[in-house]
Amino acid sequence: MPAPLNTAARLKTPAPLNPLTALAAAVATAAITTAVSSWAVSLTVALGCAALAVRAGVAGRLAPAAAVILAPFWLSLLVMHGLFFPEGRTVLAEWGAVRVTAEGLGFALDMGARTAAYVMVCLLFSFTVRVPDLVAVMSARRVPPQFGYVLASTLTLAPAITGRLVRIRQAQESRGLVLGGGPLPRLAAARLQMLPLVLALIQDAGERAQALESRGFNGTRARTSYRDVPDTAAQRGFRVLALLLAAAAVALRISGQWPGIPWPWGVQP
Amino acid sequence: MSQQSRTLPAPAQAVRNRRLLEALGAVSIAATFIFLVLTQPADITNGLASGSTLVALGGFLLGAILLIVGVLPTLPTSTLVLIPVALVLNIALGQIMGSTGLPFYFDAIGTVLIAVLAGPAAGAATGALSSVVWSFINPTVLPFAAGAALIGFLAGVAARYGLFRRFYLAPVAGFVTGILAGVVSAPIAAFVFGGTSGVGTGAIVSAFRAMGDTLLAAITKQALISDPMDKAIVFAVVAMLVYALPRRTALQFPFVRRFNVLAGKKQETPDA
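As you go down the protein sequences, you meet chains A and B in turn. Okay, so the first sequence: first residue is 1 according to the numbering used here, each after it adds one. Okay, so the second sequence: first residue is 1001 according to the numbering used here, each after it adds one.
Hints in this document: simulated from the structure, not taken from any laboratory. Backbone N, C-alpha and C fix where the C-beta goes; we use that ideal spot for every residue, glycine too. A couple of the hints might just be wrong.
In silico contact screen, one side only, chain B against chain A (beta carbon under 7 Å); selected entries [said to hold, decoys possible]:
1) G1202
2) A1217
3) A1244
Hey, can you work out the whole structure from these sequences and the hints?
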């Protein structure tokens, strides 16, 4: 077999991350961060994910996606626990039923940081993983092919459906549909857009089903994949280690045997 | 769409294994819920015990994954190709409603639509899958996969027993489904996130907390206000959608034909 022409370049380029390695790293990080249960560790993990997102070139997409999820969540936590926390003892301010307590603010910080770490880890995985590679790897490991179809199909269908909804709206407007007004006209307008959309989607799905059936999609035999997803012994070892560490952390936390960590300067993270 | 599968049927052993997976999934969800309610922490001033969080995440997710693995291979291709459509409807409508600040979700229209057309198992799988796939965009919905599966299952059961044959019964079925779904989802909101993710729902929880309720009690009461109303509206919208579909399209689904899901003259199956 002739040697590839770009061997030198390939030797310098590190092997791309297998989707399962990225998934194992995300699951282990989320589980260990939750088990540690410390706002300082959670914030460190969230910042680490932000740094990795910048390095991977996905920060521009990840930042608004995380902000849309976390901003209302943090606001909700602040109102819920910052202003009303009946278990709180150290009252910082009080206006009638509203009691700002140190314990309530601490609880909001703890839960907000923990959720931020979880969201950042998951979004970093989903924004960096190549879905076709993930589907190919899962199929090779006997995950039902239907799962891969649903995952890949949904992620590619969403933009197409948005485009179709715009075309339906334009077509209905050309027939005299007026958007706006009171609740009832709005409801009627929504119905006039939703019905053609759902009908067309069900019709398309029927045609797709026939095409898939004729190719033996629901068969139980294993299929040959033409997609080669690289994997290395080091990555396989890392996956086992990461999952073992996560399992140990979860077991220690649930059994109540979690070791206390002495923090410098008497900090209570 | 009503054509018979051209592939060989699964062997009996595989069918038994899938039934076992479905049963284990349901047991995992029920056991996790009971454990969380019985062992809820009385004092949360030093933060929630992360053991409860891990049990809630692990137990509910394991149950949802077992349900997906057990149900998905049994679905006919005609139902399977509808699931991505349902997921996109869930995500699009859920995100629109999440941005309004109202204490509703509207993130189950696609799930309920599939359940009415294809039955409880397809509904449960669609609900759980919806949370898993949506978590690629919004990871906070992932822990609610078990609740979403329950909504799909109950919607399918309601369709199976004829509650979509009368338009006024669909919101009633939705109301009851919302009560059960709210009770199951409340421990996840409480123990995994320490509250709800929406500003509107958060305001309702705050009101109950101001009256001295525990976190789980306040979130459960909020869920009992939001979820039944939300699901009643969702079931009514889905009833409107399925009756607006051409009858030929709705009757392409074996579940609709076999259990006479929609009102009107009973249709014989084409291959009978």
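Note to self: For a quick check of understanding: which of the numbered hints are violated here, in increasing order?
What the structure shows: 2
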